[in-house]
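A.B. asks: All chains, full assembly: derive it from the sequences and hints.
Going down the list, the sequences are from chains X and Z.
Take the first sequence: its letters are residues 1 to 175, numbered as in my numbering.
Take the second sequence: its letters are residues 1 to 175, numbered as in my numbering.
Note that these hints are calculated values from the structure, not bench results.
Note that the Cβ used here is the ideal one computed from N, Cα and C, for glycine as well.
To list a few chain X residues with every Cβ distance to chain Z over 10 Å, as calculated:
id, residue
1, Glu-59
2, Glu-79
3, Arg-99
Taking CB as the label site, the calculated pair distances span:
id, chain 1, residue 1, chain 2, residue 2, range
4, Z, Gly-87, X, Asn-86, 49 to 55 Å
5, X, Gly-38, Z, Glu-79, 37 to 43 Å
6, X, His-67, Z, Glu-35, 34 to 40 Å
Pulled a few chain Z residues facing chain X out of the computed Cβ check, cut under 7 Å:
id, residue
7, Ala-17
8, Pro-27
9, Val-130
10, Gln-134
11, Gly-145
12, Ile-147
13, Pro-164
14, Trp-165
15, Ile-171
Protein chains: 2
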Amino acid sequence: MEFRFDDAVPVLRRTPAVVRELLHDLPVHWTDATEAPGTWSPFDVVGHLIHAERTDWIERVEHILRHGESVPFTPFDREGMFAASNGLALSELLDTFARLRAENLDHLLALRLTAVDLARRGLHPEFGVVTMGQLLSTWVAHDLGHIRQIVRVMARQYSDAVGPWRAYLPILTKG
Amino acid sequence: MEFRFDDAVPVLRRTPAVVRELLHDLPVHWTDATEAPGTWSPFDVVGHLIHAERTDWIERVEHILRHGESVPFTPFDREGMFAASNGLALSELLDTFARLRAENLDHLLALRLTAVDLARRGLHPEFGVVTMGQLLSTWVAHDLGHIRQIVRVMARQYSDAVGPWRAYLPILTKG
Numbered sequence: 001m002e003f004r005f006d007d008a009v010p011v012l013r014r015t016p017a018v019v020r021e022l023l024h025d026l027p028v029h030w031t032d033a034t035e036a037p038g039t040w041s042p043f044d045v046v047g048h049l050i051h052a053e054r055t056d057w058i059e060r061v062e063h064i065l066r067h068g069e070s071v072p073f074t075p076f077d078r079e080g081m082f083a084a085s086n087g088l089a090l091s092e093l094l095d096t097f098a099r100l101r102a103e104n105l106d107h108l109l110a111l112r113l114t115a116v117d118l119a120r121r122g123l124h125p126e127f128g129v130v131t132m133g134q135l136l137s138t139w140v141a142h143d144l145g146h147i148r149q150i151v152r153v154m155a156r157q158y159s160d161a162v163g164p165w166r167a168y169l170p171i172l173t174k175g
Numbered sequence: 001m002e003f004r005f006d007d008a009v010p011v012l013r014r015t016p017a018v019v020r021e022l023l024h025d026l027p028v029h030w031t032d033a034t035e036a037p038g039t040w041s042p043f044d045v046v047g048h049l050i051h052a053e054r055t056d057w058i059e060r061v062e063h064i065l066r067h068g069e070s071v072p073f074t075p076f077d078r079e080g081m082f083a084a085s086n087g088l089a090l091s092e093l094l095d096t097f098a099r100l101r102a103e104n105l106d107h108l109l110a111l112r113l114t115a116v117d118l119a120r121r122g123l124h125p126e127f128g129v130v131t132m133g134q135l136l137s138t139w140v141a142h143d144l145g146h147i148r149q150i151v152r153v154m155a156r157q158y159s160d161a162v163g164p165w166r167a168y169l170p171i172l173t174k175g
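C.D. replies: What follows is the structure in structure tokens.
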């Protein structure tokens, strides 16, 4: 599929509700669980999604509009959430993510970008030239990737508990 | 983690809402999308979850209570949904899944199983001896695995659209 606003915005719009339905009020040993030392818990993933709302997506949309490919994006700190989430409750993070996402989509729609704008070019500090359409497509795929990560981390808490059914559950054995 | 009803039931209870938030009212080219010919769309996955509610989980719980390991389970038809979903709207499937899941959890809780029951043994037609706890743990992991599948199928519609960001999106490249 090519990127189209009419496809992407409904997916971006619903991610906070999906994450909320997955995690709110769950026992903390689900939401604080990790796959291995140093990997992210569902709590950490929500913090990361918030950090990306604050410093990545809309920031880079504006950057492309302002600078084109003349100035590279500021590198995104993938682990920038650990300080920001420290001491907060998951319910606060879920609310913050929902609020920031709604604001950022309002911001995006207020820019009234068209199909022509999707071809605008920006400069990624690592990849070089990228387009607005690629950036916005990545926003969608990044959401879906982190939903995948949340459910994988949760499922793997039962890696042993499922016994021989493990053989039928690729979520326990594949990436 | 070992299986505990207090952990598992809240996850099982929320899966229909998670799947609904992910899919309801999305453009059909998301919900009918597949990864490759012969693979399942999000629509197919919801049908599969319904089919498992009808013929797998509670059926096997009752089977263990009635027969122990003296009679093997009826094999589960993983593709049994294709006939049953044919011609239905996704919104109908989402409603059906929510209703069946609620009924099945009511059924499960009415059995008032205890930690002792988790050790009860049944006979899987392929794996041999399994326990009630393994069956119930698999119910949870199976839900999470199919949420993972839905978001993976969706994300992969943007495999090309994301351009070089593909390198940072394991959902596009890993299992």
